[in-house]
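K.L.:
If you want the building blocks of each chain, they are given just below.
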Amino acid sequence: MSQTRTVTELAEHLGGTVQGNGATMITELGALETAGPDALTFLANPRYASKVAETSAGAVLMAPGGERYGRTAIEVANPYLAFAKLLTLFYTKPHEPLGILPGAIVSNSATIGEGASIYPGACIGRNVVIGARTTVYSGAVLYDNVVIGAECTIHANAVVRERCQVGNRCIIQPGAVIGSDGFGYAPDGNSYYPIPQIGIVVLEDDVEIGANSCVDRAAIETTRIRRGTKLDNLVQIAHNCQIGEDCMIVSQVGISGSTKIGNHVTLAGQVGVAGHLTIGDNVLVGGQSGVAGSLPANAAYSGSPTMPHKEWLKSAMVMPRLPELKKSVSALEKRITELEMALKQNRQES
Amino acid sequence: MSQTRTVTELAEHLGGTVQGNGATMITELGALETAGPDALTFLANPRYASKVAETSAGAVLMAPGGERYGRTAIEVANPYLAFAKLLTLFYTKPHEPLGILPGAIVSNSATIGEGASIYPGACIGRNVVIGARTTVYSGAVLYDNVVIGAECTIHANAVVRERCQVGNRCIIQPGAVIGSDGFGYAPDGNSYYPIPQIGIVVLEDDVEIGANSCVDRAAIETTRIRRGTKLDNLVQIAHNCQIGEDCMIVSQVGISGSTKIGNHVTLAGQVGVAGHLTIGDNVLVGGQSGVAGSLPANAAYSGSPTMPHKEWLKSAMVMPRLPELKKSVSALEKRITELEMALKQNRQES
Amino acid sequence: MSQTRTVTELAEHLGGTVQGNGATMITELGALETAGPDALTFLANPRYASKVAETSAGAVLMAPGGERYGRTAIEVANPYLAFAKLLTLFYTKPHEPLGILPGAIVSNSATIGEGASIYPGACIGRNVVIGARTTVYSGAVLYDNVVIGAECTIHANAVVRERCQVGNRCIIQPGAVIGSDGFGYAPDGNSYYPIPQIGIVVLEDDVEIGANSCVDRAAIETTRIRRGTKLDNLVQIAHNCQIGEDCMIVSQVGISGSTKIGNHVTLAGQVGVAGHLTIGDNVLVGGQSGVAGSLPANAAYSGSPTMPHKEWLKSAMVMPRLPELKKSVSALEKRITELEMALKQNRQES
Chain A
84 MSQTRTVTEL AEHLGGTVQG NGATMITELG ALETAGPDAL TFLANPRYAS
134 KVAETSAGAV LMAPGGERYG RTAIEVANPY LAFAKLLTLF YTKPHEPLGI
184 LPGAIVSNSA TIGEGASIYP GACIGRNVVI GARTTVYSGA VLYDNVVIGA
234 ECTIHANAVV RERCQVGNRC IIQPGAVIGS DGFGYAPDGN SYYPIPQIGI
284 VVLEDDVEIG ANSCVDRAAI ETTRIRRGTK LDNLVQIAHN CQIGEDCMIV
334 SQVGISGSTK IGNHVTLAGQ VGVAGHLTIG DNVLVGGQSG VAGSLPANAA
384 YSGSPTMPHK EWLKSAMVMP RLPELKKSVS ALEKRITELE MALKQNRQES
Chain B
84 MSQTRTVTEL AEHLGGTVQG NGATMITELG ALETAGPDAL TFLANPRYAS
134 KVAETSAGAV LMAPGGERYG RTAIEVANPY LAFAKLLTLF YTKPHEPLGI
184 LPGAIVSNSA TIGEGASIYP GACIGRNVVI GARTTVYSGA VLYDNVVIGA
234 ECTIHANAVV RERCQVGNRC IIQPGAVIGS DGFGYAPDGN SYYPIPQIGI
284 VVLEDDVEIG ANSCVDRAAI ETTRIRRGTK LDNLVQIAHN CQIGEDCMIV
334 SQVGISGSTK IGNHVTLAGQ VGVAGHLTIG DNVLVGGQSG VAGSLPANAA
384 YSGSPTMPHK EWLKSAMVMP RLPELKKSVS ALEKRITELE MALKQNRQES
Chain C
84 MSQTRTVTEL AEHLGGTVQG NGATMITELG ALETAGPDAL TFLANPRYAS
134 KVAETSAGAV LMAPGGERYG RTAIEVANPY LAFAKLLTLF YTKPHEPLGI
184 LPGAIVSNSA TIGEGASIYP GACIGRNVVI GARTTVYSGA VLYDNVVIGA
234 ECTIHANAVV RERCQVGNRC IIQPGAVIGS DGFGYAPDGN SYYPIPQIGI
284 VVLEDDVEIG ANSCVDRAAI ETTRIRRGTK LDNLVQIAHN CQIGEDCMIV
334 SQVGISGSTK IGNHVTLAGQ VGVAGHLTIG DNVLVGGQSG VAGSLPANAA
384 YSGSPTMPHK EWLKSAMVMP RLPELKKSVS ALEKRITELE MALKQNRQES
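Residue numbers (our numbering), protein chains in the order written: chain A, 84 to 433; chain B, 84 to 433; chain C, 84 to 433.
Hints in this document: simulated from the structure, not taken from any laboratory.
One should not assume that every hint holds.
You can't tell identical chains apart in this list, so a pair holds if it fits in one copy or across any two.
[Stated by the list, open to error] Subject to a maximum C-alpha distance of 25 Å in a straight line, what follows is the list of computed DSS-like cross-link-like pairs (lysine-lysine):
(1) K417 / K397
(2) K409 / K393
(3) K417 / K343
(4) K134 / K393
(5) K134 / K417
(6) K417 / K427
Using the sequences provided together with the hints, build the complete structure.
P.N.:
Okay, here's the thing in structure tokens:
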């Protein structure tokens with residue numbers, strides 16, 4: 084996929100400004116230390132600014148006004164983001180509009196958008212609607228009445244169950260399940276009667292779901308993941324959850340039913356969140372934490388159960404010293420008893 | 084699926100008693116606050132009893148003898164359960180007996196029960212037996228010699244490996260794996276030799292397995308999940324486990340090999356259970372707990388390692404105050420040293 | 084699969100030495116307590132040596148020089164390992180070289196090794212190479228340019244994404260995903276821009292991947308799992324990780340990006356490991372631990388965050404006693420205050 088482009092062409096692609104020789108030919112991307120004269124590199128962290136002087140790269144992405152040591156540069160506000168965009172340009176395969184390939188199983192009542200690709204072994208149910216330029220890989224199963232937006236990628240063996248809706252530019256990694264039944268039961272003596280889970284899941288635009296993650300359909304209404312939120316692998320989102328925009332839900336996190344999560348929240352790996360809670364905007368929860376109560380916005384939390392992250396850091400430092408602390412208390416107890424006896428004796432003597 | 088029914092018809096369906104106008108026509112179900120005159124609602128929690136006076140619902144499910152404020156009511160012993168049953172009646176699609184659909188891959192030696200539905204892309208191995216009115220969705224794979232009971236639902240891309248047995252009315256959510264090889268190895272110098280896992284998995288009647296959950300086959304005999312037990316998503320059951328009846332195993336729980344779990348046990352989300360343990364009947368284990376030893380019946384536990392739940396609640400409250408506690412002990416130490424010196428001085432003076 | 088073999092034949096298979104009657108016919112394997120005269124059993128734990136006197140088994144696997152109480156024995160250095168090898172011999176189905184079965188979807192450009200078996204519904208992409216005697220079960224999907232070695236088993240609905248490489252004798256359990264995109268994003272205002280994950284995954288020889296486990300492809304280079312390492316079910320390996328040889332990664336473990344794990348490391352169930360760490364050779368980490376910093380080799384750790392395992396054992400014992408400890412400190416505080424007052428009074432009096 085890689086091909087030669089001039090620095091000027093790349094600057095135009097990024098909306099950046101060329102400093103130096105815009106005619107420099109770029110054929111690949113590389114790191115500051117290892118990039119050669121045909122490669123473009125980037126400076127994101129000002130700590131490494133002096134490395135620009137030594138790089139052999141043909142050009143450098145950097146923030147406006149930085150010292151370029153005579154190198155050809157493309158100035159952009161966010162060099163790391165710009166580099167990611169060039170990785171896409173240079174190295175990712177553009178969408179192949181293959182249509183419905185032989186071996187794909189597509190219901191007659193399904194609507195397949197222009198330029199979509201449906202791979203062999205994909206199964207598309209009745210009345211499914213698939214947007215333009217979307218790819219559905221082998222073994223992916225879309226149940227009846229599913230709606231998938233444009234420019235999505237539904238990877239192999241992912242499943243979207245009946246009536247669930249996926250926005251535009253969503254990516255569903257292999258094996259992920261959207262719309263499995265919520266875990267809801269009515270006690271019936273010692274047994275449990277399964278409460279029909281008649282709601283759906285809605286994934287808004289630009290949502291990504293990691294491999295083998297699960298998002299349960301709502302009991303009655305909608306489990307919703309809002310625009311731009313990314314789920315890592317093996318994440319569990321229970322029924323009726325509302326996850327805000329631009330959240331990062333790291334691997335193996337589990338969120339129990341009916342919990343509402345604000346915008347721009349980060350839950351680190353293996354966090355568990357209880358049901359019916361509210362997590363405010365911009366909250367950050369540390370790995371393996373157990374969220375047992377609602378969390379106010381704009382703060383970091385850790386621990387199981389959670390406490391403010393800074394408190395947890397201090398508590399965690401005491402943890403390995405608990406046996407020592409316990410011994411200290413026993414020793415103090417003994418010294419105090421001795422003191423008390425000594426004082427009593429003093430009094431008796433005096 | 085929804086259609087009109089009279090209150091009397093619904094009462095008969097539930098085995099309940101009509102109070103008021105049995106001829107009232109019901110077309111949908113709703114909440115006490117929002118249900119209209121064509122809707123039936125329910126009162127399960129006595130705390131909301133006064134809302135019955137204000138509801139616009141055409142009829143109310145309630146416990147016998149409750150104040151119905153002149154509303155039409157259906158009296159049933161368990162209104163929540165009855166409401167769940169009506170959700171099933173009104174809103175769930177009845178089983179479609181579709182037979183073997185084109186695109187399904189079914190071995191000639193398989194036996195498919197009457198009224199079963201095998202979707203395109205499902206793969207049914209040699210000598211598999213599938214009971215009456217069971218549905219196998221696209222991409223589900225049943226290895227050779229699998230037995231599935233009647234009225235089961237095997238969702239898309241679920242896998243049941245060779246010789247495993249599934250009872251009647253079981254539901255296996257998408258992507259779940261039944262009968263994967265247990266994690267057993269014999270050390271061979273620094274390396275590991277895989278011990279053949281030649282046993283099977285048996286799921287008894289009315290068992291449900293959540294999306295992408297895994298139940299490993301036994302090393303030699305049977306990993307068994309007894310009647311009525313429900314597994315949520317992403318649960319791990321290791322080889323040789325015996326899980327009792329009517330248990331609730333919440334998402335992301337992991338149970339290690341050869342552990343025996345009693346009846347009516349609830350393990351909350353992300354609990355881990357070590358191997359070769361015994362958990363008694365009616366035990367409840369709190370979220371994220373780590374069960375490192377066997378647990379006696381009829382009690383609640385939490386923590387990692389577990390302790391009685393009430394003790395854990397108290398310990399968890401001390402956790403954030405550990406740094407403060409440590410400072411207190413240091414301060415006491417200093418005060419005691421001063422006291423000791425003062426007393427010594429006193430003695431020398433006296 | 085079972086058939087009759089003489090003790091001498093079995094000894095030759097194992098490279099062991101016959102003591103007693105090598106002509107004894109063996110048809111099955113069993114436990115010391117229950118094996119009959121046609122069965123072979125084993126003695127691995129010297130604690131049970133006296134049971135050899137009472138067994139009805141036709142022959143016993145045991146370490147050289149053990150007391151055989153007149154029984155026919157096969158002496159081998161590692162009886163447990165030898166027994167596992169006989170389980171394989173007696174009870175595991177040998178590979179069936181079925182070729183490409185009808186209903187398998189195999190690209191014309193794929194290369195399928197001699198004696199391989201590709202089941203109906205398996206999907207093999209462009210330029211895929213599959214080694215000799217490898218089995219690919221129904222619903223497994225190999226994306227374009229995947230390379231699979233010889234004598235591998237790729238179970239149903241497993242997915243290997245584009246360009247990833249699998250060594251010889253690897254086993255991938257159902258639903259596992261190899262090569263999903265790493266979880267990498269460049270902040271773009273409040274939103275996140277997905278960084279193309281253009282690297283691959285390499286599984287070396289004799290690696291096993293549990294059901295529904297996920298191994299993410301590297302951002303640029305290679306996520307690597309070295310020879311002989313075994314992953315249990317529902318494990319997450321993030322992008323750029325390097326996992327050493329002969330490791331045991333138990334169920335539901337999650338390892339964050341770019342972490343390096345040495346050889347012969349055991350991570351027990353539900354352990355979480357942060358990113359960019361180094362774990363030394365022969366490390367053992369206890370269940371549910373949270374590894375927040377690098378861990379030196381040849382030691383055992385537990386806790387979240389981790390500490391040396393022995394320290395953790397002591398700390399964990401104090402945990403349930405924290406409320407009591409806190410009360411003790413308060414009581415000491417009171418007693419000291421009283422002592423201080425008493426001493427002050429003494430001084431005033433004297």
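K.L.:
Run every hint past the structure and note whether it holds.
P.N.:
How the hints compare with the structure:
{"no.": "1", "hint": "K417 / K397", "result": "between (28 Å within a copy, 22 Å between copies)"}
{"no.": "2", "hint": "K409 / K393", "result": "both (24 Å within a copy, 16 Å between copies)"}
{"no.": "3", "hint": "K417 / K343", "result": "neither (52 Å within a copy, 46 Å between copies)"}
{"no.": "4", "hint": "K134 / K393", "result": "neither (35 Å within a copy, 45 Å between copies)"}
{"no.": "5", "hint": "K134 / K417", "result": "neither (62 Å within a copy, 53 Å between copies)"}
{"no.": "6", "hint": "K417 / K427", "result": "both (15 Å within a copy, 17 Å between copies)"}
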